[in-house]
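Q: From first to last, the protein sequence lines stand for chains A, B and C.
Following my numbering, the numbering of the first sequence begins with 990 at its first residue and continues without gaps.
Following my numbering, the numbering of the second sequence begins with 75 at its first residue and continues without gaps.
Following my numbering, the numbering of the third sequence begins with 49 at its first residue and continues without gaps.
If you're looking for bench data, these hints aren't it; they were derived computationally from the structure.
Predicted, not measured: the structure shown is a model, and the values here were computed from it.
Hints are not guaranteed to be accurate.
[What the hints assert, rightly or not] Listed below are the simulated PhoX-like cross-link pairs for lysine-lysine, each with C-alpha atoms no more than 20 angstroms apart in a straight line:
1. 76/C to 134/C
2. 999/A to 1131/A
3. 998/A to 1117/A
4. 134/B to 197/C
5. 999/A to 1068/A
6. 1117/A to 212/B
7. 196/C to 134/B
8. 64/C to 88/C
9. 1127/A to 999/A
10. 1117/A to 134/B
11. 998/A to 1127/A
[Stated by the list, open to error] Covered stretches of chain C (in silico footprint by chain B; criterion: 3 or more residues with CB under 8 angstroms from a CB of chain B, positions within the stretch not fixed):
12. 93 to 107
13. 143 to 153
14. 175 to 189
[To be verified] If you want the footprint, here are the derived chain B segments under chain C, 3+ residues with CB under 8 angstroms:
15. 118 to 130
16. 134 to 146
17. 381 to 391
Don't be surprised by glycine CBs; every beta carbon is placed ideally from N, CA and C.
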Amino acid sequence: MNWKFWSLKKSLFVYHVNAGACNNCDIEILELLTPAYDVERFGIILVGSPRHADVLLVTGVCTRQVKKRLQELYLQTAKPCVVMCIGACALAQGIFAEAYHVGPCVDEVIREVDPNAIIAYVPGCPPKPEAMIMAVVKTWQKLDELAAAEPKPVAPALPEVAGA
Amino acid sequence: MRSVSKGVNGKRTLIPVGPFHPLQEEPEFFQLWVEGETVVDMDLRISYNHRGIEELSTRKTFDQVPYLVERVCGICSSTHPLAYIRAVETICGCEVPPRAKYQRTMVTELERIHSHLLWVGLAGHFLGYNTVFMWAWKYREPIMEILEKITGNRCAYANAKIGGVRRDIPNELFDDIVRAVDSCWGPTEMLTNAVLDDPVLHARLVDVATLTHEDAIRYCVTGPTARASGVPIDVRRDDPYDAFDLVDWDVITFPEGDVMAKAKVRLLETFEAIKIVKQAVRDCPNGETDAGVEEVPPGEAIGHVEAPRGETFHYVRSDGGRCPVRHKIRAPSYVNVPSFRASCIGQHVADVTIAMAAVDPCYSCTERMAVTKDSKTGNELMDAKELQELSVQRTRWFEKQLGIEPFDKRWGPKLQELLA
Amino acid sequence: MSDTATPSVIERFETKLCDEHAICETRKERQGVYSVPIAKLVPLLRDFISNDNARLATITGIDVRDGTELLYHLCFDDHKYVATLKVLVPRTVDAMESITPWLPGAEFIEREIHDLLGIDFTGHPRMERLILSDDWPEGVYPLRRGFKKEDAQP
Ligand code: SF4
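Chain A on its own, in the form it takes in the complex:
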């Protein structure tokens, strides 16, 4: 397996970004981390800084004020980083599509700074915790495919050392 994606195989560190959500999605994410669903048994854990994150969990519509900050957060993460859009809002702005203070869709905002970003979508309003676990599993499968498709890194040829 490609080492680049291998790093995303186990123990995902997730960072949660609320980009103008209604809190339902957010409490469902926290629900995942607490004993009822307990994703920590898979090694998934919430971290306090985007710089430690393998996955950005984005909820909400991405309001105009958040747009720039969201891009900034994405740039701060270590790549490759999977962006998970959680909930109808993050997918396609859901019920708030026509409101005046929402910016572009979350995936557009991320693609603006990184056209090759890996983005996963979890539909639902709010998605059930089971659906989110399912999404993680599916993302892992997808990453496997991506890793298979990517050319194997070739070890760089060692430079000739004179006199050896």
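Mind docking chains B and C with the ligand on chain A? Use the hints.
A: Relative to chain A, chains B and C with the ligand alone:
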């Protein structure tokens, strides 16, 4: 020794908190001005979560608006529609059938139970008491499940509609509701005892971020924030709606105004909510659940209900058309949050987290020292010695709070001995 | 617990309002809307809040044909009554006396109305942008009539 509230050499530091907090929930941007370890001023910038719902709502029909306002805040997702519906029902002058009234009461109170438990958990988390966090969230799970069973969704219930309820809760499910709330009673009791007995929690919560009675009135706060400062307001009693005047319950108030009082109010209210749900299930009559409102005449009215965080206030104006002309939404946090200025100033930076959480504004934050240079003079604001001095001050303060002998007294001679 | 608002209090409250030439527009069981001359509003609010234990729930701004209506919602919690005092701020003025200096709870409420409807509150300590984004153009008010999303492009 210098008193803690003075700060070190009167130097000011700006601590930006947010807009993205490491933990969760809504983005808000605080600027805390601190002198030493004491907060002397603060400013707040919101907008990160502003979507423009009030304007959007004037483009939805009267029947669609409840689904929209339910998504103002997910944790209060039964009270926002209810406030709106109360306003529209006042304009129409329609009478809600009793069965619908009782069923609305059940859902709002179930929501209150899960919201208060959620708060207790988060408060524990902010204090680094993760056991409470995990426990509280575990014990609210039966409530979420029963809500899913009776309304069809774990979070956005959409159970109320203008003139009644959207979907009748069948009598067969009533037993399940009772079982679910009963399963919460024991754990809540245990949590209450854990909070009231724990000396560390006492040190962190008692006399911290006190919002005085006068300030509570001046800042127009509502809900548990007001009730913990000895202002006995509760919309459920002061302007009874649904079945709240038909069941027996108490308004919980505490005069202290500190974070501990807010925790106590919330915990004890959970018991009241459980009582209300059980009575509502017991008394719920059979019959119609929908008054069949056909159209909304011109007029204007307000509707307010007691959300878990305080009074949710809606104003609706209709011109007889399909959509509201103006729909004003005022969520409880909007009046509770500014009271930080009264409660946080003069506090320790470390206490600000829990002080902010005490209002239950749906976000958290952590302290990060970002600016260590004075913007005007460019001088370093703190050096290692000053920081150490601060931590010593803090330890002394804790020792005093807990009634422990100072460290030097307890260990000083022994240390001397060892060093000799 | 009586179901209706205590009548004597409403009477007292209404006489006070009548003395100041206020007109009762609608009266429902536990709420009423009164339109008040603009000059009398702040003294009345002050009186009710400091003497009658009223609580300011919020202020609603509505864009109407001749200007902006401001609705001050007062909750009389002890008496189960919610009174709404309504004033009309003419379009030519677009300013109103701030109540924040003596009621700090109104600070955010007034700033919000300033953002969304463009009413200036004179005497407000920090009349800065609060809930619109940083790149929102000046002078575009989303809750005014005829507002279009396109007007607000950064
Ligand atoms: S998708 Fe639904 S539940 Fe999630 S933030 Fe949006 S409105 Fe709220």
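Q: Work down the list of hints and note, for each, if the structure agrees.
A: So, going through the hints one by one against the coordinates:
{"no.": "1", "hint": "76/C to 134/C", "verdict": "16 angstroms, holds"}
{"no.": "2", "hint": "999/A to 1131/A", "verdict": "14 angstroms, holds"}
{"no.": "3", "hint": "998/A to 1117/A", "verdict": "23 angstroms, violated"}
{"no.": "4", "hint": "134/B to 197/C", "verdict": "16 angstroms, holds"}
{"no.": "5", "hint": "999/A to 1068/A", "verdict": "15 angstroms, holds"}
{"no.": "6", "hint": "1117/A to 212/B", "verdict": "16 angstroms, holds"}
{"no.": "7", "hint": "196/C to 134/B", "verdict": "16 angstroms, holds"}
{"no.": "8", "hint": "64/C to 88/C", "verdict": "11 angstroms, holds"}
{"no.": "9", "hint": "1127/A to 999/A", "verdict": "14 angstroms, holds"}
{"no.": "10", "hint": "1117/A to 134/B", "verdict": "27 angstroms, violated"}
{"no.": "11", "hint": "998/A to 1127/A", "verdict": "12 angstroms, holds"}
{"no.": "12", "hint": "93 to 107", "verdict": "holds (count 4)"}
{"no.": "13", "hint": "143 to 153", "verdict": "holds (count 3)"}
{"no.": "14", "hint": "175 to 189", "verdict": "holds (count 6)"}
{"no.": "15", "hint": "118 to 130", "verdict": "holds (count 7)"}
{"no.": "16", "hint": "134 to 146", "verdict": "violated (count 0)"}
{"no.": "17", "hint": "381 to 391", "verdict": "holds (count 4)"}
The structure shown violates the earlier hints numbered 3, 10, 16.
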